[in-house]
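Chemist: Position 473 of the sequence shown, counted from 1, bears residue number 461 in my numbering, the numbering being contiguous throughout.
It should be emphasised that the hints constitute simulated quantities derived from the structure, not laboratory data. In this text, all values refer to a predicted model and were calculated from it rather than measured experimentally. Don't take each hint at face value.
Only pairs whose alpha carbons sit at most 27 Å apart, straight line, appear in this in silico BS3-like list of lysine-lysine [claimed, not checked]:
id: 1; residue 1: Lys444; residue 2: Lys461
id: 2; residue 1: Lys425; residue 2: Lys258
id: 3; residue 1: Lys399; residue 2: Lys343
id: 4; residue 1: Lys207; residue 2: Lys412
id: 5; residue 1: Lys402; residue 2: Lys258
id: 6; residue 1: Lys25; residue 2: Lys207
id: 7; residue 1: Lys228; residue 2: Lys350
id: 8; residue 1: Lys142; residue 2: Lys106
id: 9; residue 1: Lys142; residue 2: Lys52
id: 10; residue 1: Lys395; residue 2: Lys425
id: 11; residue 1: Lys444; residue 2: Lys412
id: 12; residue 1: Lys402; residue 2: Lys412
id: 13; residue 1: Lys461; residue 2: Lys402
id: 14; residue 1: Lys486; residue 2: Lys343
id: 15; residue 1: Lys276; residue 2: Lys258
id: 16; residue 1: Lys425; residue 2: Lys444
id: 17; residue 1: Lys25; residue 2: Lys143
id: 18; residue 1: Lys350; residue 2: Lys402
id: 19; residue 1: Lys25; residue 2: Lys461
id: 20; residue 1: Lys437; residue 2: Lys425
id: 21; residue 1: Lys276; residue 2: Lys308
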Amino acid sequence: MILKRVISLVTIVALTPLCALSAFAAQPSRVAIIPFKIHADRDISFLRDGIVDMLTTRLSWEDKVVVIEREVTEAALTNVAGPMNEKAARHLGSLLHADYVLFGSLTIFGESVSIDAKMIDVHGVKPPVTIFTQSHGMDTVIPKINLFAADINKKIFGRVLRVARQEPQPYSQQPASPGIYAHPEKLLGELGAGTSDTSDLNPDFIIASGGRKTTGFWKSRNFPLYIKAMALGDVDGDGKQEVVFVTSNRIFVYRNVNRRFVKLKEIAGKSTYNFLSVDVADINDNGKAEIFITNLDTRRNSLDSFVLEWENGNLTPITKNDAWYYRVLELPMRGVILLGQRRGISEAFLPGIYKLAWQNGKYESVETLQVPDGINIYAFTLADVMNNGGELLVAFTQDDYLEILSKSGSKEWKSDEHYGGSLKYLDTKSEPGDSEKERIFLPQRIFVKDLDRDGKNEVIVIKNHAAASRLFKRFRQYTSSEIVSLSWDGLGLALNWKTRKIHGYVSDMAIGDFDNDGQQELIASVVMSKGESFFQKGKSAIIGYDLTTSKQ
-11 MILKRVISLV
-1 TIVALTPLCA
9 LSAFAAQPSR
19 VAIIPFKIHA
29 DRDISFLRDG
39 IVDMLTTRLS
49 WEDKVVVIER
59 EVTEAALTNV
69 AGPMNEKAAR
79 HLGSLLHADY
89 VLFGSLTIFG
99 ESVSIDAKMI
109 DVHGVKPPVT
119 IFTQSHGMDT
129 VIPKINLFAA
139 DINKKIFGRV
149 LRVARQEPQP
159 YSQQPASPGI
169 YAHPEKLLGE
179 LGAGTSDTSD
189 LNPDFIIASG
199 GRKTTGFWKS
209 RNFPLYIKAM
219 ALGDVDGDGK
229 QEVVFVTSNR
239 IFVYRNVNRR
249 FVKLKEIAGK
259 STYNFLSVDV
269 ADINDNGKAE
279 IFITNLDTRR
289 NSLDSFVLEW
299 ENGNLTPITK
309 NDAWYYRVLE
319 LPMRGVILLG
329 QRRGISEAFL
339 PGIYKLAWQN
349 GKYESVETLQ
359 VPDGINIYAF
369 TLADVMNNGG
379 ELLVAFTQDD
389 YLEILSKSGS
399 KEWKSDEHYG
409 GSLKYLDTKS
419 EPGDSEKERI
429 FLPQRIFVKD
439 LDRDGKNEVI
449 VIKNHAAASR
459 LFKRFRQYTS
469 SEIVSLSWDG
479 LGLALNWKTR
489 KIHGYVSDMA
499 IGDFDNDGQQ
509 ELIASVVMSK
519 GESFFQKGKS
529 AIIGYDLTTS
539 KQ
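Could you put the whole structure together from the sequences, leaning on the hints where they help?
Modeler: The following block contains the structure:
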């Protein structure tokens, strides 16, 4: 009997660590990713963010691997002194209660690229996983990071993922600039060699060298915020145009009065609001343009859009809790129309884009637009772009190429360079077992107008320059921008003119009588800084170009 009790006791003692180990294994591993240290002969800070984002998505594994939020990791880093090495990484890991810490450096001088990184086990159970590689060209960075992540997954977590073979993509080197976003007073950038005359529409539009003039350009003061979107319209019904712009959850109404930008109204939304777009148009035909706010409630991950109208000096909601993405289009062959599209549970956009009209005290669908499958409400416009009397779609692809399509989806033309480029995005729910969500970047506006009154339509689009960040699926950063005019030359859309280089990201644009002088202007919202942290505010401005022509 005594022997049996001893055996039972020994068995219990022996199994206790196994049970504890089993319970411990059931908890997901915690990984801290330290932003890579960058050594470079130019500003490539966007790659630091892109690498963290990429490694986060590659290493995250539902119920098994959790990557600690970047903000939490960076806050803990302030308590770690000295250079980052294994000892410092383990100290950081203990502060964060992390199981693993990943750190490294990226060195780029000229075309020479080297990556030196390491993933260490804070508890010292597993050997480090390291990468040290030297290569030629920035286009090699992403494939190398992909392989490093796959090596970590296999050696540390026993997870084998198929890594798609990535061919290096051509990297268009942007001219070095003093910062990611320069001060807006430097918005009128330098001309490159071989440029030629300026446009009759505006001397700050480059046709292809001529004397530099700066008349016809206007800029607001800097706003300490990130302007996500803007629109133009007669909000209060007095016959004068106002500018409406939004941040993530605030709405501003301004007017240009004798070249002074005067605020008429500001209202704030809930902290859970995420404004995706703003449009302004008099759809209910009462003489005052409504303000259409497409809003995503981040708490419920659902649309909670609304429409405001000016009433007695205030902005009053005329509809609320709308499950619509809104977009106003000014179509040369149809006039101004309001479009709507629905959101699904797991899909960012449900099939079907509808023309909406004001009926029964709300905006209701009155027509289904004939557009190709896969085109969302923000990606296109309809116009006689070939100037032959036929209405075609001018649309952005998800990777920022410009296309001309028939309504049935037949491709008539596609650009060989990027246009558009946006920081606004939607994350869709992943399928069970997937470690990352699909991120859909919302395209920029496309205008089709005959600005020079020569009887031919022009396509006016933003062209944000992304350096290498378009190579990342979930990350974008833009170093400079232009607004360009294109028109059909029988073979494709050819450049008419472009603005001089703008140092910053253009988040939106509009065309209209911005300063109420009877002439049209091209206006845009320019972002110099998004204000990524609590301590750093955003910085944005509104700019305007006069549109004048001798063909009056």
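Chemist: Does each hint fit the structure? Answer for all of them.
Modeler: Structure-based check of all given hints:
no.: 1; hint: Lys444 - Lys461; in the structure: 37 Å, violated
no.: 2; hint: Lys425 - Lys258; in the structure: 25 Å, holds
no.: 3; hint: Lys399 - Lys343; in the structure: 24 Å, holds
no.: 4; hint: Lys207 - Lys412; in the structure: 23 Å, holds
no.: 5; hint: Lys402 - Lys258; in the structure: 41 Å, violated
no.: 6; hint: Lys25 - Lys207; in the structure: 36 Å, violated
no.: 7; hint: Lys228 - Lys350; in the structure: 26 Å, holds
no.: 8; hint: Lys142 - Lys106; in the structure: 15 Å, holds
no.: 9; hint: Lys142 - Lys52; in the structure: 14 Å, holds
no.: 10; hint: Lys395 - Lys425; in the structure: 30 Å, violated
no.: 11; hint: Lys444 - Lys412; in the structure: 32 Å, violated
no.: 12; hint: Lys402 - Lys412; in the structure: 23 Å, holds
no.: 13; hint: Lys461 - Lys402; in the structure: 21 Å, holds
no.: 14; hint: Lys486 - Lys343; in the structure: 32 Å, violated
no.: 15; hint: Lys276 - Lys258; in the structure: 26 Å, holds
no.: 16; hint: Lys425 - Lys444; in the structure: 43 Å, violated
no.: 17; hint: Lys25 - Lys143; in the structure: 24 Å, holds
no.: 18; hint: Lys350 - Lys402; in the structure: 38 Å, violated
no.: 19; hint: Lys25 - Lys461; in the structure: 22 Å, holds
no.: 20; hint: Lys437 - Lys425; in the structure: 37 Å, violated
no.: 21; hint: Lys276 - Lys308; in the structure: 18 Å, holds
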